[in-house]
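Fit chain C to the given chain D structure using the hints.
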Amino acid sequence: MNKAATKTRKENDFWERNRKSEGYLLKKTAMDIGIRIVRAILLFGLCFLILQPILNKVLISIMREGDLYDPLVVNVPRHVTAINYQLAAMCMDYAKTFGNTLLISLTIALLQIAVCTLVGYGFARFKFPLKGFWFACVLLVIVVPPQTIATSLHLHFRFFDILGIFKLLTGSTLNLRSSVVPYYLMSAGCMGLKNGLYIFLIRQYFRNIPFDLEEAAYVDGCGTLKTFLRIMLPDAKPILTSCFLFAFVWQWTDGFYSSMFLGNIKLLSTSLQRLGDQVGTYYKEVLQVQGGASVGYTNCIIATGTLMVITPLLVLYLFAQKGFVESLSSSGIKM
Amino acid sequence: MKKQKKLAGLQKRKAISGYLFILPFIIGFLVFMVQPLFQSLQMSLSDVKISPEGFKSVFWGIENYKRAFVIDPDFVRLLVEEIEKLGVNTLAVMVFSFFVALILNQKFKGRAFVRAVFFLPVILSSGVILGVEYDNALLSGLQETIQENANDTSITLVIQHILETASSGNSTVTRLFETVFDVVNGIYDIAITSGIQILIYLSGLQTISDSMYEAAAIEGCTSWESLWKITFPMISPMLLVNLVYTIVDFCMRSDSEVMDMINQQMTLFMDYGFASAMAWIYFAVVIVIIGISSLLLSKVVYYYE
Chain D
6 MNKAATKTRK ENDFWERNRK SEGYLLKKTA MDIGIRIVRA ILLFGLCFLI LQPILNKVLI
66 SIMREGDLYD PLVVNVPRHV TAINYQLAAM CMDYAKTFGN TLLISLTIAL LQIAVCTLVG
126 YGFARFKFPL KGFWFACVLL VIVVPPQTIA TSLHLHFRFF DILGIFKLLT GSTLNLRSSV
186 VPYYLMSAGC MGLKNGLYIF LIRQYFRNIP FDLEEAAYVD GCGTLKTFLR IMLPDAKPIL
246 TSCFLFAFVW QWTDGFYSSM FLGNIKLLST SLQRLGDQVG TYYKEVLQVQ GGASVGYTNC
306 IIATGTLMVI TPLLVLYLFA QKGFVESLSS SGIKM
Chain C
28 MKKQKKLAGL QKRKAISGYL FILPFIIGFL VFMVQPLFQS LQMSLSDVKI SPEGFKSVFW
88 GIENYKRAFV IDPDFVRLLV EEIEKLGVNT LAVMVFSFFV ALILNQKFKG RAFVRAVFFL
148 PVILSSGVIL GVEYDNALLS GLQETIQENA NDTSITLVIQ HILETASSGN STVTRLFETV
208 FDVVNGIYDI AITSGIQILI YLSGLQTISD SMYEAAAIEG CTSWESLWKI TFPMISPMLL
268 VNLVYTIVDF CMRSDSEVMD MINQQMTLFM DYGFASAMAW IYFAVVIVII GISSLLLSKV
328 VYYYE
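One line per chain: the protein sequences are D and C, in this order.
Counted the way the numbering used here counts, the first sequence spans residues 6 to 340.
Counted the way the numbering used here counts, the second sequence spans residues 28 to 332.
A few of these clues could be false.
[Claimed, not checked] Only pairs whose alpha carbons sit at most 25 angstroms apart, straight line, appear in this in silico PhoX-like list of lysine-lysine:
(1) Lys93(C) to Lys83(C)
(2) Lys231(D) to Lys93(C)
(3) Lys132(D) to Lys41(C)
(4) Lys256(C) to Lys327(D)
[What the hints assert, rightly or not] Over the 12 angstroms line for every Cβ pair with chain C, so calculated as not near, a few chain D residues:
(5) Pro82
(6) Ala94
(7) Leu108
(8) Pro239
(9) Gln278
(10) Thr286
If you're looking for bench data, these hints aren't it; they were derived computationally from the structure.
Beta carbons: idealized from backbone N, C-alpha and C, even for Gly.
Bound-form chain D, shown alone (with noise of 0.2 angstroms):
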């Protein structure tokens, strides 16, 4: 009872509010609404774009092959199936390829952002002469193609030697070609995949600490390194956080690096290239089909295999979202 009392003079109350506003309050609660219901049906639409092709990776990735060819089958599949998985696991030699990837991301992730952190510091914090000149060089480092420089780097660690000394002491230059120690050198200098990105953004995110705790701590008598090791470093954790999960996802997910300076090591990108024609080698040699797996069957197998890829970034991502995201969009990137 006085529930409803309550309601119907809220209600009066907003028609008499209205009256007095000459009609702008419903115009605007209209508005309001309308907005609200354009925003969803948007936001809604544009989400299930996104999520669509992984929802339909997973449907198909548990259909059997006739379900594929089935016209009355669109998107639930009537037979119900794991042997799609372990068709992609056996051809990717899933459990190794996944524990080389897991070392391989995190050793190189941690490397470059080690690395890149050392020189964003260096960059953000001390002044020295040529300092625009070598930050220039950052930005082209984004900004050069990897293509462009592949090939003579390719030959480069063919035939690698610092300076003549392996050839002074063993005759010949080392062959790095098939080894994973070209890309942790990279890594080590600063060129891996996106590294220019990572010192900038590190740079950006140093460079708005305010001068005064440095300050304070030089005074104190607080050494370079320690400075930077017990002051600046604490505070820098959710750049470094964000920098360190792309530097591992897009290690992850990396093709042209990997199969270019990671040697002969088997990983869960470069597996997943060659996954289609695995399928195909199988299907003729170890179940003697003529012309191998059908098209659309080669097909699915890859859409599962793409899926067993990414779950454990999609896991990641679930549990780290906050890093991904809210750490850049504090830093302020700006040119």
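Same frame as chain D, but now just chain C:
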């Protein structure tokens, strides 16, 4: 006198430690960037022959460049197409991500979820996955045929048809419509490439203080006006960052046709000289485009501080 000397000493020491901090970059840059760049420049100017013993390159001037521009039937066409696509795509991504960032900056239920979905492509559309996605186009082609056979005409197709017949006769308008339809059809590609850009715009939007909008509203400014008079100028530095990022991202994506051609020349035909020359031309074109467009855009950029 003595004090000044000590100060200079401190500055010098700081300069030295600064150099020590960026030393990894300097070494890496010299060894893994400058040297290969020069080598590939040199290769592009010479005839590279491969033999079991190694590489032999004979200097022959701009022959490779001549070949790329005058003799090769595909390169110039691909390059022009690429630039055209770059223009359309960059514009579309800039507008789309700005628009989405504006929406995502408002308060509504489920905002965290929607944001998470929009940044998902940052992870999912990188590296090999994008390439695999394109190979998978076959399957979607199959679906399209099924849909067409199923006889359901969608409203968008009808509209497209009407607009195309209405504009037939005027070739520029038809072309314009076609470009617009291409962009609309490729909205998925645009959505998955604008994750980082949305993030950058959002970071800019969050730095604009509410008091500005309040003051404008009190003065009788509608939200449409305050979008152009407040939001747009305040966010303009991000426009520049996003422009450069979008162009670079577009040119380095794995399914770029020019890049494909260069890689093919390199791996299939082992023609390193020609491949390097094409890579250099492409690189130079990209740099020029970035330079010109950011110069043009920097006229509009407004710095608040």
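Inset, instruction - Take a quick look at whether Lys93(C) and Lys83(C) sit within 25 angstroms of each other, Cα to Cα. - result: holds, 21 angstroms
Legend entry - Non-interface claim for Leu108(D) versus chain C (Cβ beyond 12 angstroms): holds, 18 angstroms
Legend entry - Claimed clearance of chain C by Ala94(D), with the beta carbon kept past 12 angstroms: Non-interface label on Ala94(D) holds, nearest chain C Cβ at 17 angstroms vs cutoff 12 angstroms.
Inset, instruction - With 12 angstroms as the threshold, tell me whether Pro82(D) passes as away from chain C on beta-carbon distances. - result: holds, 15 angstroms
Legend entry - Given pair status - Lys93(C), Lys231(D), alpha carbons within 25 angstroms: violated, 57 angstroms
Legend entry - Beyond 12 angstroms from each Cβ of chain C, as asserted for Pro239(D): holds, 18 angstroms
Inset, instruction - Decide, holds or violated, for the assertion that all CB atoms of chain C are farther than 12 angstroms from the CB of Gln278(D). - result: violated, 5 angstroms
Legend entry - Distance restraint between Lys256(C) and Lys327(D), which requires alpha-carbon spacing of 25 angstroms or less: Judged against 25 angstroms, a Cα distance of about 32 angstroms means the pair is violated.
Legend entry - Distance restraint between Lys132(D) and Lys41(C), which requires alpha-carbon spacing of 25 angstroms or less: holds, 7 angstroms
Legend entry - Assertion that Thr286(D) lies outside the chain C interface [Cβ separation over 12 angstroms]: Check passes; 17 angstroms lies beyond 12 angstroms.
Checked against the numbered hints given earlier, this structure breaks hints 2, 4 and 9; the rest are met.
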